[in-house]
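Engineer: Chain by chain, the residues:
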Amino acid sequence: MAEEEDAGALKKTVLNELHLELGAKMVPFAGYEMPVQYPLGVLKEHLHCRASAGLFDVSHMGQVILRGPDVSAALETLVPVDVCGLPDGRQRYGFFTNEAGGIEDDLMIANRGDHLFVVVNAACKHADVARMRAALEPKGITVKLLENRALLALQGTAAEDVLAQHCPAVRDMRFMDVATLPIAGAECWVSRSGYTGEDGFEISVPNAAAMDLARALLGEEAVEPIGLGARDSLRLEGGLCLYGHDIDAQTTPIAAGLNWAIQKVRRTDGARAGGFPGSDTILAELAEPPAMKRVGLRPEGRAPMREGTEIFDLPEGGAAIGRITSGGFGPSVGGPVAMGYVPRNLSENGTALWGEVRGKRMPVTVAALPFVAAGFKR
Amino acid sequence: MKYTEEHEWLDVAGDVVTVGITAHAAEQLGDVVFVELPEEGTEVAKDDEVVVIESVKAASDILAPLDGEIVEVNAALTDEPSKVNEDPEGEAWFFKIKVSDFSPMDDYMDDAAYKDFIGD
Numbered sequence: 145m146a147e148e149e150d151a152g153a154l155k156k157t158v159l160n161e162l163h164l165e166l167g168a169k170m171v172p173f174a175g176y177e178m179p180v181q182y183p184l185g186v187l188k189e190h191l192h193c194r195a196s197a198g199l200f201d202v203s204h205m206g207q208v209i210l211r212g213p214d215v216s217a218a219l220e221t222l223v224p225v226d227v228c229g230l231p232d233g234r235q236r237y238g239f240f241t242n243e244a245g246g247i248e249d250d251l252m253i254a255n256r257g258d259h260l261f262v263v264v265n266a267a268c269k270h271a272d273v274a275r276m277r278a279a280l281e282p283k284g285i286t287v288k289l290l291e292n293r294a295l296l297a298l299q300g301t302a303a304e305d306v307l308a309q310h311c312p313a314v315r316d317m318r319f320m321d322v323a324t325l326p327i328a329g330a331e332c333w334v335s336r337s338g339y340t341g342e343d344g345f346e347i348s349v350p351n352a353a354a355m356d357l358a359r360a361l362l363g364e365e366a367v368e369p370i371g372l373g374a375r376d377s378l379r380l381e382g383g384l385c386l387y388g389h390d391i392d393a394q395t396t397p398i399a400a401g402l403n404w405a406i407q408k409v410r411r412t413d414g415a416r417a418g419g420f421p422g423s424d425t426i427l428a429e430l431a432e433p434p435a436m437k438r439v440g441l442r443p444e445g446r447a448p449m450r451e452g453t454e455i456f457d458l459p460e461g462g463a464a465i466g467r468i469t470s471g472g473f474g475p476s477v478g479g480p481v482a483m484g485y486v487p488r489n490l491s492e493n494g495t496a497l498w499g500e501v502r503g504k505r506m507p508v509t510v511a512a513l514p515f516v517a518a519g520f521k522r
Numbered sequence: 027m028k029y030t031e032e033h034e035w036l037d038v039a040g041d042v043v044t045v046g047i048t049a050h051a052a053e054q055l056g057d058v059v060f061v062e063l064p065e066e067g068t069e070v071a072k073d074d075e076v077v078v079i080e081s082v083k084a085a086s087d088i089l090a091p092l093d094g095e096i097v098e099v100n101a102a103l104t105d106e107p108s109k110v111n112e113d114p115e116g117e118a119w120f121f122k123i124k125v126s127d128f129s130p131m132d133d134y135m136d137d138a139a140y141k142d143f144i145g146d
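Residue numbers (the working numbering), protein chains in the order written: chain A, 145 to 522; chain B, 27 to 146.
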């Protein structure tokens, strides 16, 4: 495989041994050796997660603690998100922007009382930490990338019942709540959230307790381990963006359709309008949307349209009008699904377009996201 | 049975060769979700791309192992691509080719050589 890096240089999560024991196929991902699939295979792992529960090792992601005076206001200088208004015990989705209004990374921001806890993408974590240090340390904020905690995600319709066996209090949590809870004898930082479109939890656990917790959860009948392959098809069906693919430094949040993540208070005429990188561009785009828009796309037939597939508004001739940024087979949909960017005037659901696969233009229809109804417990 | 370095198996019966992919290849591909077959009657040359397979991971091709004419395709795979994972060396053959030049056959591996090739 062309993308493989030098295996010797790869980092391992604290659950590496468990993945190998479970028969995982390991691949390099964002500098880590990670499980792409287990013996069950991508398709069955995906279906199992939606129907029951799946356990993901996402310890490669960056867990960062921000602490200091007016930390929420300080973080607001980097993200177009209402952080000051985020209540204690709640979490919110956000993104770091650049001066051009593009997205540098997306992240989760949790208010854990006397500090903020943010989770960032593995591939961007060192850049994110550098960005936060540069902007926040002068304001007296400490930025600490945690190396002593693992991160597990338990996702799926049975996730609550499974986790409640070990910690009944999780039943009281709603979507995007965060809490400190004892699970399997360890102090866990739990959020009711995930990256599958299903109900579920993300659990930050001390490294020393991570193996026991993972084994305890996998010991439940309902739980199967899920690799990166199914993680990708689950999030794609869930209409969730993958950084570096559906969103990147050249894509604005408005083109990406992430307007909902920019609360009113940070918009023009809001009490704390602007004040983040690229705010001029982003606020202007909220008033007058950019030419391109991220949409869901359903290819006709069975052939998947993958990332990079060019989109046309004619069955033959003419130039490409758009491009697929994530695409593959949706096991729960039972057919190919994709996301991509098309001109705003061709972005209405039901619009008939064509994607060029192996030199042939195949019909594809603009479709509502998510492809599979979200199972969040709001 | 003969094997190619592209992980195809070739079952020879007279001048007709049945072509499929090995269990090793099917496992490497992962769950197959789409198969595009050639039309029966197509004349093909060795190394022409004749079949497209899409798995949950990626697209790949099956190359014609020999010159000849496609005389039969396994249309059942179009509706049930998962058969490729279930029975790659049996029910899930892809096409039959009426061979016009058998000479490349000498370069293909036998069972033992293929096992060696995949490090089994």
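Derived by calculation from the structure, the hints in this document are not laboratory data.
Each residue gets a CB set at the ideal place from its N, CA and C atoms; glycine is no exception.
Don't take every hint at face value.
[What the hints assert, rightly or not] Example chain A residues on the side facing chain B (calculated, C-beta under 8 Å, incomplete):
{"no.": "1", "residue": "Leu187"}
{"no.": "2", "residue": "Gln407"}
{"no.": "3", "residue": "Arg411"}
{"no.": "4", "residue": "Gly419"}
{"no.": "5", "residue": "Ser423"}
{"no.": "6", "residue": "Ala447"}
{"no.": "7", "residue": "Phe473"}
{"no.": "8", "residue": "Val477"}
{"no.": "9", "residue": "Gly503"}
{"no.": "10", "residue": "Arg505"}
[Stated by the list, open to error] Taking lysine-lysine pairs in the DSSO-like style, the calculated list, with each CA pair at most 27 Å apart, reads:
{"no.": "11", "chain 1": "B", "residue 1": "Lys141", "chain 2": "A", "residue 2": "Lys169"}
{"no.": "12", "chain 1": "A", "residue 1": "Lys504", "chain 2": "B", "residue 2": "Lys28"}
{"no.": "13", "chain 1": "A", "residue 1": "Lys188", "chain 2": "B", "residue 2": "Lys122"}
[As the list claims (entries may be wrong)] Derived list of chain B stretches under chain A, where covered just means 3 residues or more per stretch with a C-beta under 8 Å from a C-beta of chain A:
{"no.": "14", "segment": "63-74"}
{"no.": "15", "segment": "90-99"}
Engineer: If a hint holds in the structure, say so; if it doesn't, say that too.
Structural biologist: Results of checking the hints against the structure:
no.: 1; hint: Leu187; in the structure: holds, 4 Å
no.: 2; hint: Gln407; in the structure: violated, 37 Å
no.: 3; hint: Arg411; in the structure: violated, 40 Å
no.: 4; hint: Gly419; in the structure: violated, 43 Å
no.: 5; hint: Ser423; in the structure: violated, 40 Å
no.: 6; hint: Ala447; in the structure: holds, 5 Å
no.: 7; hint: Phe473; in the structure: holds, 4 Å
no.: 8; hint: Val477; in the structure: violated, 11 Å
no.: 9; hint: Gly503; in the structure: violated, 11 Å
no.: 10; hint: Arg505; in the structure: violated, 15 Å
no.: 11; hint: Lys141(B) x Lys169(A); in the structure: holds, 21 Å
no.: 12; hint: Lys504(A) x Lys28(B); in the structure: violated, 33 Å
no.: 13; hint: Lys188(A) x Lys122(B); in the structure: violated, 31 Å
no.: 14; hint: 63-74; in the structure: violated (count 0)
no.: 15; hint: 90-99; in the structure: violated (count 0)
In summary, the numbered hints that this structure violates are 2, 3, 4, 5, 8, 9, 10, 12, 13, 14, 15.
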